[in-house]
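Undergrad: Grab the two chains, each in its own frame, and use the hints to assemble them into the complex.
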Amino acid sequence: MRIRTIIDKEWAEVFKNKMVLMTVLLFPLLFIALPIISMATMHSMSSLQSGKTPEVILQQCQTIGLTEVECLQTYLVGPFMLFFLLMPLAIPVAIAAYSIVGEKTTHSLEPLLATPVSTGELILGKGLAAALPAIAATWLSFAIFLIGARFVAASDRVYAFITQPMWFFAVLLLAPLLTITSVNVTIWISSRVNDPRAAEQLGMMVMLPLLVVVFGQMAGVITISLTSILIASAVMLVIDIAMIGLGVKLFQRETILTRWK
Amino acid sequence: MIRTEALTKVFESGRKNVSVRAVEALTLDIKQGEVFGFLGPNGAGKTTTVRMLSALIGPTAGRAWVNNFEVGKQDRDIRASIGILTEQPGMYDRLSAEKNLNIFAQLYGVRDVPGQVEKYLRMLGLWERRKDPAGSFSKGMKQKLAIARAILHEPATLFLDEPTAGLDPEAAKIVRDFIEELKIEGRTIFLCTHNLDEADRLCDRIGVFKQRLIKVDTPSRMRTAMFGREIEFRLRRAEPSMIEQVKHFDFVKNVEVYDNRLIIGIDDPETRNPQLVKALVEAGAEVQFVSEVRHSLEEVYLALVTSGHK
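As given, the protein sequences belong to chains W and A, one line each in that order. Counting from 1 along the first sequence, just add 365 to a position and that's the residue number in my numbering. Counting from 1 along the second sequence, just add 245 to a position and that's the residue number in my numbering.
In isolation and in its complexed conformation, chain A is listed as follows (with noise of 0.2 Å):
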């Protein structure tokens, strides 16, 4: 579990007596077991606040608390409870991939040093290449390393920094599906990512973020919350009838035609849609489909990022 009540960092220069603030007032509640997307564009202060929250570096201002330890007070039970990948996946290029695993499975403590490693590297996958050095693998499979190195120990809070990113598809489906069995796991999962879809797939919340935090909800309310909810109704022909027809009803909000599409947007489309199909059937439409219009989270996050920044 993660939770910060107005967490704040600032960085000081100096030499130019100039001040940034990175993290302003940050406040969130994650619960064991969830999934939470932070999304914000490059320089929104994201990587600060995983360093901060991984007890890396410490805050200006706030409190934090991961795993009910707190963060600049206990900062060492903070490390030994999390795992982190980081943004670059930073291997020892001489060294094996097992020696790699070999070597941070003892930093952390872990028991069962080459059982542990042996399973890690089984399940993402790099068994056969463990005597390889890490140097000679390809981005996906550093990444993969990386993952494994972050999981070694059983953290019950994982951050991920941009897990999928620079990977091809192959890889980045590996890296999404083990994020699932993670998830399935009941761990903690901070992930920040420039991959809307990733985030609409994966995260039960999602937080916008720049410089400070512009909402948080799950990837379906914030769509309802920015766009309402809108049917497509597809007919063989639209006719002005029609429109006319379903535009007497008073929960219809709004009526777009595009060619034979009807656009409509409902508040309760599960109790409506019967009457609207009716409606238009009985004007003398031929319905061919019917379905909810779903606004990419990447509309939701540039709508709010854009306006967060104003």
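So here's chain W without its partners, still in its complex pose (with noise of 0.2 Å):
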């Protein structure tokens, strides 16, 4: 029940204040768009610049009997798909960021505090109401964009590419546990530093590593897989167990009262 008011009250915290509200709108409707403009784009174009795809890239395709307009499509849209694990990445941010620190700076903690409601209970509600409108953004994205690609894939073999099975092990297990990943890291930052814009900053780069991910795989330097997938989920899975023990135990409340100024 406590867990529900605390959920309840940062949504409606969060979602009164337009630059939460922007950031959260904002990913979703960027990483929506990018992907179906770039492949709308390529459909048109390509005929036009017919042979300008590098001829590396090119032979791959031919191997496995794709155009160069297919080629083009999905050698593009996998980087692309990853900016689905980016968004259950950053949109927690942006909510969690304000979750203490913002309390702090509005002199609301204190009260909250004092209040019978157990670290555990403050914690996983402010968590959850940071990780769930994350992932249910996620979600609805990836349904809108798999909508969209069906009207601007080149072919179905493009399409197929897109429907593969790993996507939606991305998408349906590993991003809610990199939210959780995400809720958990910039929790604890928010409880440690003094102003909500810097709890943001340095929650953002949580997204570090998947953006090493995200380049390396248009370098061709990382395969992404369902093997990947499946065991980058398990990796996450037991990072997440351990910092969501480590949450608790590190949200020292006294700390937190007596040495914020």
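Some hints could be false.
[Said to hold, decoys possible] What follows is a set of in silico ranges between Cβ atoms, one per label pair, in the way DEER data are often shown:
1) Arg369(W) to Phe256(A): 33 to 41 Å
2) Val255(A) to Arg369(W): 18 to 26 Å
3) Asn313(A) to Glu619(W): 50 to 58 Å
4) Pro574(W) to Arg457(A): 52 to 60 Å
5) Phe380(W) to Ala270(A): 47 to 55 Å
6) Gly370(A) to Met387(W): 33 to 41 Å
7) Met569(W) to Glu332(A): 28 to 36 Å
8) Phe534(A) to Glu619(W): 42 to 50 Å
9) Asn262(A) to Leu511(W): 55 to 63 Å
10) Pro574(W) to Thr305(A): 56 to 64 Å
11) Glu430(A) to Arg369(W): 43 to 51 Å
Quick caveat, the hints were computed from the structure, so don't treat them as lab data. Predicted model only: the values in this text are computed from it and were never measured. We put the beta carbon where it would ideally sit given N, CA and C, even for glycine.
TA: Structure, rendered in structure tokens:
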């Protein structure tokens, strides 16, 4: 009951904050629009610029029988698919960054901590308040993207690439696990800094490892597969369990109340 | 009820290896239904004491019980059984007054949330503004809302940290009247304030505190202990013979004369005043007024804090 009240309070407070609301809406809009527009643009322009596709990529595509347009779309849509893993990392940062430090700056944390709410309930409530919109936004965006992609995909083969099980595992399994990581890291940061913007900026660093994967994939250094998604999910599950336990222990009510200036 | 035994709080600064003793061996016994004024200068450790007693921070040494629950062992029970008004109102400014109270009523497990919220919003004159964001409220209105938040779950004990600080006289009076109502209801109130007149009017006992407890007593006993009892006799015209007349009494401790006013120090004015009036009249004095000199709590407080400091 108390957890639900905290979630309700967080949402009521956070979604009246225009800055947070903009961030929460911006990422899904951006990550849906970018791949759809890119695919549509490629679809219409590739015939005019035929022959400009790098030879290395083209050779790889020809071995599996893809045309140049199909090849370009599948090549570029791969990194874009990883954006659906960036979203569950970025959105909770915007929400959770305000969760502790925001309460501190408005002096509402002390009355809140003076209620019978336990540290576990507080962290869980604030964590879920940040995680649930992120997961919902990711899943909804992915669904919208799949519908949109159906219209701009050059062929059924391209669409089959987009809808392969690997991406469903990534969005439905790995994304929520990444969200939990992001929430934990951001709440931890938020309980240690004095400014919500600092918490947000530091929290965004949680995206760096995934950005390395995105650029690695674009450079052809890293290959994403179902196996790598499942391994990453297992690793994130272990990390998340450890972080949840650690988060409650690291949340020192006394330190937060007495050492914050 | 609140009881402490040598309650101590030391803050350690890890970086500079410096420790600060915020509260030193505080021993108190505050009974159910008592309004206890906790007075002390800024940085005396009042807020730290309130935070310890409201189970927000742990003591370094000593023990404390609030509503028969022990600090450090039954912290959630303590938090459920007390109400706290912090130094800053700390409302959720984007949310309405009603929403603010709803949230806290739910966190405290109040059964009739809408009923309790309405009761206290009406009692504190905020009902008409219940749908407005708390951020749009004046400081006085925010303070009243914070008081409503502290009392929503009908706690037996209330900790009020500077409840009238920064309020205009009208808002301060509303808050003081409300505290008096809470006192009539039999709640224990631990009141931190710099407003000595307020403490004088509201508190059954006061404790003067500066890192350690300097003195605890009722305001009137503190005055007597500090300054004795003095009676002012205002005469139409004071003559030296009249002064000599009263000095003859062995129960008169001292006599001071200011214009036509005689300030006479005595222990038992209820018994001795008639004798003094009679003697003065016999000496030819025309007595216009007789009243007890009332030293302000400020004088007592300053004397205690200054001597306590030394």
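Undergrad: Next, verify each hint and record whether it holds.
TA: Checked hints:
no., hint, result
1, Arg369(W) to Phe256(A): 33 to 41 Å, "36 Å, holds"
2, Val255(A) to Arg369(W): 18 to 26 Å, "39 Å, violated"
3, Asn313(A) to Glu619(W): 50 to 58 Å, "23 Å, violated"
4, Pro574(W) to Arg457(A): 52 to 60 Å, "53 Å, holds"
5, Phe380(W) to Ala270(A): 47 to 55 Å, "49 Å, holds"
6, Gly370(A) to Met387(W): 33 to 41 Å, "37 Å, holds"
7, Met569(W) to Glu332(A): 28 to 36 Å, "33 Å, holds"
8, Phe534(A) to Glu619(W): 42 to 50 Å, "56 Å, violated"
9, Asn262(A) to Leu511(W): 55 to 63 Å, "60 Å, holds"
10, Pro574(W) to Thr305(A): 56 to 64 Å, "42 Å, violated"
11, Glu430(A) to Arg369(W): 43 to 51 Å, "31 Å, violated"
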